[in-house]
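**Q** Here are the chains, one letter per residue:
2 protein chains.
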Amino acid sequence: MIGIKSIASYVPSAGVDNYAQGARFGKDENFILGKIGSAFLPRKADTQETSDLCVEAANALFGAHPELQRGHIDALIVVTQNGDEEGLPHTAAIVQHKLGLGTHVAAFDVSLGCSGYVYGLYAIKGFMEAAGLKNGLLITADPYSKIVDPQDRNTTMLFGDAATATWMGEGPLWQLGKAKFGTDGAGAEHLKVTNGSFFMNGRQVFNFALVKVPAHLNELLEDAGLTTAEVDAFCIHQGSAAIVDAVARRFEEGASAHKFVKDMLETGNTVSSSVPLLLEKHLNDPKWKRVAISGFGVGLSWGSALIERA
Amino acid sequence: MIGIKSIASYVPSAGVDNYAQGARFGKDENFILGKIGSAFLPRKADTQETSDLCVEAANALFGAHPELQRGHIDALIVVTQNGDEEGLPHTAAIVQHKLGLGTHVAAFDVSLGCSGYVYGLYAIKGFMEAAGLKNGLLITADPYSKIVDPQDRNTTMLFGDAATATWMGEGPLWQLGKAKFGTDGAGAEHLKVTNGSFFMNGRQVFNFALVKVPAHLNELLEDAGLTTAEVDAFCIHQGSAAIVDAVARRFEEGASAHKFVKDMLETGNTVSSSVPLLLEKHLNDPKWKRVAISGFGVGLSWGSALIERA
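If you're matching them up, the sequences are chains W and V in order. Adding 11 to a residue's 1-based position in the first sequence gives its number in the working numbering. Adding 11 to a residue's 1-based position in the second sequence gives its number in the working numbering.
It should be emphasised that the hints constitute simulated quantities derived from the structure, not laboratory data. All C-beta atoms in this analysis are idealised placements derived from N, C-alpha and C, irrespective of residue type, glycine included. Accuracy of the hints is not assured; some may be wrong.
[Said to hold, decoys possible] Under the rule of at most 20 angstroms between Cα atoms (straight-line distance), these lysine-lysine pairs were calculated in the PhoX-like manner:
#1 V:Lys145 with W:Lys145
#2 V:Lys203 with W:Lys189
#3 V:Lys203 with W:Lys109
#4 V:Lys109 with W:Lys203
#5 W:Lys46 with W:Lys273
[To be verified] Chain V side only, calculated, beta carbon under 7 angstroms to chain W, not exhaustive:
#6 Ala25
#7 Lys136
#8 Val204
Could you build all of it, start to finish, from the sequences and the hints given here?
**A** Right, dumping it as structure tokens:
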């Protein structure tokens, strides 16, 4: 069974002081820390393309695992909605070349936002099993600095640039368990790029997440025949401190709020990279045996899953 | 095992007389018929978005299968590099809403061009099996009329707009067999959109396909332990009459050229829709028990697979 063997990441060291940025909009430190949740927002250099962020994350993975050679990779999925080019070619092809992978690699992009890592895990596992492939890279990289208007107070304090690379293969550290997904295109207008500029209806997205995510996590546990006591941690998309706190309070009336990880102080909302950034830190933590993950956002789209230490 | 249950399509009835268009560039009927292969190029209306083409193809599928209700669909992949919006949201979310599917649908876009259907089959089968889903729609829709410059003689005579919808589920008509894939981002520049306009280096792409595809089909058969005699038809991407003819002549020195289907007279090169348009016509043809399919193009990317009547 294909599962998660390792996770690595790339977070640019340059970026924006979010306290200073908040001050420009009349927001104090309590707001930045308590509502936004991020004191610093990493930003890629202007010269860095989306594929370059992917390459940095993948190279960190190769660096940590000398046993994984580039020639071993036979599957590559890049989750992004802000790729290098205008629609075509796909970013995964550019990454294949920049990484020096073999030409026998099956590579494509999956277009999803903040729900993308959860979908991506099942897409790459399933694709690899259906096609008989052995070593896959699931890469997330969605640099919103390409589309966020620095003058838009609704979005410019939220998003950070980052990329992650997950090695998928046999003999994994973590197995994928039960998963559930959802889509509601009626809310597509709430997160959208028009003429190169990103628009988000923050109130609508907040309400959507607050209604949808706790209920979805409940359904997931029920489908899996598990109680909350049997889940060691909840790693949900780090949209903002406010949304993570609100979901944690709403889920089972806050009884398990302490299990909801909140860790975005130095990253911001990194879109599809937020969940793997959390998992990366606890990949070898023996206290975590079963983790619920959930991503939600643009589409609208959401996905929740259970992963279990193998 | 999830496989192909049915295929439907949408080909706009409006379009371009390719003989008249050829005459504008000093090309005669022999060229249009013999090299290009398409006398007519279907074109979507300006008012039709990519999602509308998807909806037309899916509605044709629902119309042909009253036993398949919209509420049964739990997976939806749209293969496109020319979606409705600028990167986000993904077109699959818009299609979920326009089709009136349930919000329990797992939906995302796969970004691939002419190789997209072969990849998409294994992506949706694998995703459905990994996530425990039952009824999926694999939709292809990549209307190049959005990006092709009518003054570009290298591309405007080639491409047609179309969409297809493939119903994936248990108890299929066709099972997916062995598959092989490949990617070479070193050739990404040969098919690319810049400032909204599509560029293709036709000679490079032709040479790539002529070198890669016959060899790839050979490797596929070898991996599957099959001889060409055991394959009833070869449905390769209908890039142009010239490329289909050249691949057929090159593969095993033309010994099986008669098994290569060429059928693009009224459609043109429909990108990821070309292979399913061929399969749709022969889905219930008892003479076809095993078919090799192959797609190749933007990326550069290629994929070949064997499908077998269940």
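**Q** Are the hints correct? Go through all of them and say.
**A** Hint-by-hint comparison with the structure:
Only pairs whose Cα atoms come within 20 angstroms are accepted, and lysine 145 of chain V paired with lysine 145 of chain W is rejected, the gap being roughly 25 angstroms. Proximity of lysine 203 of chain V to lysine 189 of chain W is assessed by CA-CA distance (about 39 angstroms); at most 20 angstroms being required, the pair is judged violated. Distance hint between lysine 203 of chain V and lysine 109 of chain W is fulfilled; the C-alpha atoms sit about 17 angstroms from each other, no more than 20 angstroms. Restraint check for lysine 109 of chain V and lysine 203 of chain W: the C-alpha separation of about 17 angstroms stays at or below 20 angstroms, so the hint holds.
Taking the CA atoms of lysine 46 of chain W and lysine 273 of chain W, the gap is near 12 angstroms; set against the 20 angstroms cutoff, the hint holds. Checking alanine 25 of chain V against chain W by beta carbon gives a least distance of about 23 angstroms; that is not within 7 angstroms, so the hint is violated. Annotation: interface hint on lysine 136 of chain V holds; nearest CB of chain W at approximately 5 angstroms, less than 7 angstroms. The restraint placing valine 204 of chain V at the interface with chain W holds, with a minimum CB-CB distance near 4 angstroms, inside the 7 angstroms limit.
Taken one by one, the earlier hints fail for this structure at numbers 1, 2 and 6, listed in ascending order.
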